[in-house]
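Asks: Based on these hints, arrange chain B on the given structure of chain A.
So the sequences go chain by chain: A and B. Start counting the first sequence at 29; every next residue gets the next number (my numbering). Start counting the second sequence at 24; every next residue gets the next number (my numbering).
A couple of the hints might just be wrong.
Derived list of chain A stretches under chain B, where covered just means 3 residues or more per stretch with a C-beta under 8 Å from a C-beta of chain B [to be verified]:
1. 41-51
2. 74-80
3. 83-92
4. 169-182
Hints in this document: simulated from the structure, not taken from any laboratory. Beta carbons are placed, not taken as given, at the ideal position from N, Cα and C, and that holds for glycine.
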Amino acid sequence: MSWMPPQTEEGWNEVLSAYVDGELSFEETAGLEGYLATDTVRQNQVRELRKVSAVMSEWQAPDIRPPEAVLGKRRSTWRRFQWGQLAAGFAAGIAVGLFAASPSRDAVIPASPPVPAAITSSSDVAMSRDRADRLVRESAAEALHGQIVQLLADRKIDQAEARLALLQREYPDTRAGGDTGLIRMLDQVRERVRLFERRTG
Amino acid sequence: MNMQHHDSPGGPFWDAIDAHYRAVFGFAWRMTGERTVAEDVTQEAFARLAQSALRDGGVEESRRWVFVVARNLCISHLRRRTRHPETELGHGLPARAAGPADAMAANERAALVQAAVHALPVDMREAIVLREYEGLSYEAIASIVDCPLGTVKSRIARARELLRHQLRNVLEMDE
Numbered sequence: 029m030s031w032m033p034p035q036t037e038e039g040w041n042e043v044l045s046a047y048v049d050g051e052l053s054f055e056e057t058a059g060l061e062g063y064l065a066t067d068t069v070r071q072n073q074v075r076e077l078r079k080v081s082a083v084m085s086e087w088q089a090p091d092i093r094p095p096e097a098v099l100g101k102r103r104s105t106w107r108r109f110q111w112g113q114l115a116a117g118f119a120a121g122i123a124v125g126l127f128a129a130s131p132s133r134d135a136v137i138p139a140s141p142p143v144p145a146a147i148t149s150s151s152d153v154a155m156s157r158d159r160a161d162r163l164v165r166e167s168a169a170e171a172l173h174g175q176i177v178q179l180l181a182d183r184k185i186d187q188a189e190a191r192l193a194l195l196q197r198e199y200p201d202t203r204a205g206g207d208t209g210l211i212r213m214l215d216q217v218r219e220r221v222r223l224f225e226r227r228t229g
Numbered sequence: 024m025n026m027q028h029h030d031s032p033g034g035p036f037w038d039a040i041d042a043h044y045r046a047v048f049g050f051a052w053r054m055t056g057e058r059t060v061a062e063d064v065t066q067e068a069f070a071r072l073a074q075s076a077l078r079d080g081g082v083e084e085s086r087r088w089v090f091v092v093a094r095n096l097c098i099s100h101l102r103r104r105t106r107h108p109e110t111e112l113g114h115g116l117p118a119r120a121a122g123p124a125d126a127m128a129a130n131e132r133a134a135l136v137q138a139a140v141h142a143l144p145v146d147m148r149e150a151i152v153l154r155e156y157e158g159l160s161y162e163a164i165a166s167i168v169d170c171p172l173g174t175v176k177s178r179i180a181r182a183r184e185l186l187r188h189q190l191r192n193v194l195e196m197d198e
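Only chain A is shown next, with the shape it has when bound in the complex (with noise of 0.2 Å):
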């Protein structure tokens, strides 16, 4: 049977997004072809679903070495392992404690970012292309907004402030991206530490 071209831009998404990962048949990918020869549009949508790939890869996972106690072949020292879990854990508990007391971070810091909205299933977004956007750019806006806050807990300032200006920048309608109070916990921050270190020379 030959192939033929989907009849809805549902239809077309799927055929193309599965067409760059190499998910159809031989006889798919060859009928696909053939018409995206003729066709500008969706040689074009085609390139953009690539390049929304290489863009996703720039965004890395940290480097992490697996525990040696984790695995079923040391199972031996996974006890050790644990109880080295739970010393360390009680050292940097003691760390955080040190470090809490000092430039009384729960008075700057809230206790929780702002909650991002409740996408919890594709079925939220089975609604108008508009209406689906304008969610999932709410839902990213607070994704940077928790980013920030975060920044600021870990007294990281330039970070922040760079962060604060790239989600004014990008997301200015959302509700996170016009939150002020952002602006004056980084000011906070900022004047606290600064208190901190003259104190401690």
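Replies: Frame of chain A, contents of chain B only:
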């Protein structure tokens, strides 16, 4: 079938599983955005694998199984977090950073990608993360998230479409 037993240190089975540790951590980290949670999830998933007789099914089945456990732990965490929001959120690392200016630009782009991926509905997020970052086939993803192949295809396509809209400013920069 690979019948390497856990009491045979350094065997090919565990060497292969070692190689998946980072992949499972990367998946958990991108799903939750929290490094400590991702570390806990990964350790828990591999610890359960170590105690399970399932590893005798071979590397491929063990990889699938450990992803399923990690995915379930991530979803439980995300559900808890919706009820009790916490503070920690991960920071993306830029893949390329030649100089200070490049580093800042790359950091911004990584932050935008991170925010856009975290804004996706969970079912779309897991499908696109397993595909884009772990390079799994649609069939492998379907078996991990326990849904039909067509659903995976549709979720990945919709996730890409939403990301294309969200990241249009970044995409235009490259033109």
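Asks: All hints, please: hold or fail.
Replies: Tested hints:
Coverage of a stretch by a chain is defined here by at least three residues with a beta carbon nearer than 8 Å to that chain's beta carbons; for the stretch 41-51 of chain A and chain B the count is 7, and the condition holds. Coverage of the stretch 74-80 of chain A by chain B holds. Counting CB-CB distances below 8 Å, 4 residues qualify, and the rule asks for three or more. Using a Cβ-Cβ cut-off of 8 Å, 10 residues of the stretch 83-92 of chain A lie near chain B, which meets the minimum of three, so the contact claim holds. By the rule of at least three residues with a Cβ nearer than 8 Å to a Cβ of chain B, the coverage given for the stretch 169-182 of chain A holds, with 10 such residues.
Of the numbered hints given earlier, the model fails none.
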